[in-house]
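Numbering of the sequence shown is given in numbering that gives the first Met the number 0, commencing with residue 0 and proceeding in unit increments.
Everything labelled a hint here was simulated from the structure, so no lab data went into it. Everything numeric in this text was worked out from a predicted model, so none of it was measured. Note that beta-carbon positions come from the ideal geometry of N, C-alpha and C, so glycine has one too. One or more hints might be untrue.
What the hints assert, rightly or not - Below 20 Å or equal to it, Euclidean Cα-Cα: the simulated SDA-like pairs (lysine to any residue) are: (1) 36 <-> 108; (2) 123 <-> 13; (3) 88 <-> 54; (4) 36 <-> 106; (5) 123 <-> 73; (6) 88 <-> 171; (7) 123 <-> 3; (8) 112 <-> 177; (9) 36 <-> 200; (10) 178 <-> 168; (11) 123 <-> 69; (12) 123 <-> 80; (13) 36 <-> 148; (14) 123 <-> 5; (15) 123 <-> 177; (16) 123 <-> 88; (17) 112 <-> 84; (18) 112 <-> 47; (19) 171 <-> 148; (20) 88 <-> 60; (21) 123 <-> 178; (22) 112 <-> 69; (23) 88 <-> 192; (24) 36 <-> 120; (25) 36 <-> 174; (26) 123 <-> 60; (27) 112 <-> 87; (28) 123 <-> 23; (29) 123 <-> 50; (30) 112 <-> 171; (31) 36 <-> 167; (32) 123 <-> 36; (33) 171 <-> 200.
Said to hold, decoys possible - Derived Cβ-Cβ restraints for the label pairs, each shown as a range: (34) 160 <-> 139: 29 to 37 Å; (35) 142 <-> 7: 34 to 42 Å; (36) 153 <-> 196: 23 to 31 Å.
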Amino acid sequence: MDIATVLSFLGVAVLLTLMPGPDNLFVLAQSISQGRKAGIATTLGLCSGLIVHVTAAALGISAIIYQSGVAFAIVKYAGAAYLLYLAWKSFREKESRLTLNNQKSLNYRSLYKKGILMNILNPKVSLFFLALLPQFVDHSTGHVPIQMLVLGIVFMLQAIIIFIVISFFSEKVRNFLLKSPRISKKLNYIQGTLLGIIGLNIAFSGNK
Numbered sequence: 000m001d002i003a004t005v006l007s008f009l010g011v012a013v014l015l016t017l018m019p020g021p022d023n024l025f026v027l028a029q030s031i032s033q034g035r036k037a038g039i040a041t042t043l044g045l046c047s048g049l050i051v052h053v054t055a056a057a058l059g060i061s062a063i064i065y066q067s068g069v070a071f072a073i074v075k076y077a078g079a080a081y082l083l084y085l086a087w088k089s090f091r092e093k094e095s096r097l098t099l100n101n102q103k104s105l106n107y108r109s110l111y112k113k114g115i116l117m118n119i120l121n122p123k124v125s126l127f128f129l130a131l132l133p134q135f136v137d138h139s140t141g142h143v144p145i146q147m148l149v150l151g152i153v154f155m156l157q158a159i160i161i162f163i164v165i166s167f168f169s170e171k172v173r174n175f176l177l178k179s180p181r182i183s184k185k186l187n188y189i190q191g192t193l194l195g196i197i198g199l200n201i202a203f204s205g206n207k
């Protein structure tokens, strides 16, 4: 695999990561509602989940899920149900006014696990890699699974950087919103709405 191919893939990966999607919206929601550290913990979880999807694509597991309507539906609805559950929890906390100091009590391990689950339970991510990675693989050199894993690592690293930038930007938005007591009470609504949108998007998505 030559450097030009890797750089071309990196350019495409950055553009795709910047497009509005479940992962960056999830980071945005966590960062606005709980601060940048929460967003970074979520980012690390999401990108850990990417390892599972990349490996599944490289080993052909994603293709099996894609061909099995039942398997795809099980993973899809499990992911959608999990996100809708998180949205419900956010709406239940609607009366809890957030403060700039509440980050001290956050469970970052829990946020990390949420990120992993949210990513793994979205079968569209596996199909995304199944469609994207082979386009940048040089079949003439062999070792196709290894090439796909390398590209997957490149994608994961750039995603970590971009999501962390989103986390820092989102905290600026959070700090601005917290200056208004009325708005600060609505941050859980914002998080719940974003999570609900992501969950419904996954629930009504197809395997195409």
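Each hint tested on the structure:
1. 36 <-> 108: holds (11 Å)
2. 123 <-> 13: OK: residue 123 and residue 13 at ~18 Å, within 20 Å.
3. 88 <-> 54: At roughly 32 Å apart (the allowed maximum being 20 Å), residue 54 and residue 88 break the hint.
4. 36 <-> 106: Between residue 36 and residue 106 the Cα gap is close to 10 Å, so the pair holds against 20 Å.
5. 123 <-> 73: At roughly 12 Å apart (the allowed maximum being 20 Å), residue 73 and residue 123 satisfy the hint.
6. 88 <-> 171: violated (24 Å)
7. 123 <-> 3: violated (28 Å)
8. 112 <-> 177: With a Cα-Cα distance of about 27 Å, the restraint between residue 112 and residue 177 is violated, given a limit of 20 Å.
9. 36 <-> 200: violated (26 Å)
10. 178 <-> 168: This hinted pair holds, its Cα atoms lying about 16 Å apart.
11. 123 <-> 69: holds (14 Å)
12. 123 <-> 80: holds (15 Å)
13. 36 <-> 148: Answer violated: residue 36 to residue 148 is near 28 Å, above 20 Å.
14. 123 <-> 5: violated (23 Å)
15. 123 <-> 177: violated (35 Å)
16. 123 <-> 88: violated (24 Å)
17. 112 <-> 84: This hinted pair holds, its Cα atoms lying about 15 Å apart.
18. 112 <-> 47: OK: residue 112 and residue 47 at ~9 Å, within 20 Å.
19. 171 <-> 148: Since the Cα atoms of residue 171 and residue 148 sit roughly 35 Å apart, the hinted pair is violated (cutoff 20 Å).
20. 88 <-> 60: violated (33 Å)
21. 123 <-> 178: violated (38 Å)
22. 112 <-> 69: Since the Cα atoms of residue 112 and residue 69 sit roughly 26 Å apart, the hinted pair is violated (cutoff 20 Å).
23. 88 <-> 192: Holds, because 11 Å separates the two Cα atoms, which is no more than 20 Å.
24. 36 <-> 120: violated (23 Å)
25. 36 <-> 174: Given pair residue 36, residue 174 holds - Cα atoms ~13 Å apart, limit 20 Å.
26. 123 <-> 60: holds (13 Å)
27. 112 <-> 87: holds (18 Å)
28. 123 <-> 23: holds (15 Å)
29. 123 <-> 50: Satisfied, since the Cα-Cα distance of roughly 14 Å is no more than 20 Å.
30. 112 <-> 171: violated (25 Å)
31. 36 <-> 167: holds (9 Å)
32. 123 <-> 36: violated (27 Å)
33. 171 <-> 200: violated (27 Å)
34. 160 <-> 139: 29 to 37 Å: holds (31 Å)
35. 142 <-> 7: 34 to 42 Å: Roughly 19 Å apart at Cβ, these two residues miss the hinted range, so it is violated.
36. 153 <-> 196: 23 to 31 Å: holds (29 Å)
In summary, the numbered hints that this structure violates are 3, 6, 7, 8, 9, 13, 14, 15, 16, 19, 20, 21, 22, 24, 30, 32, 33, 35.
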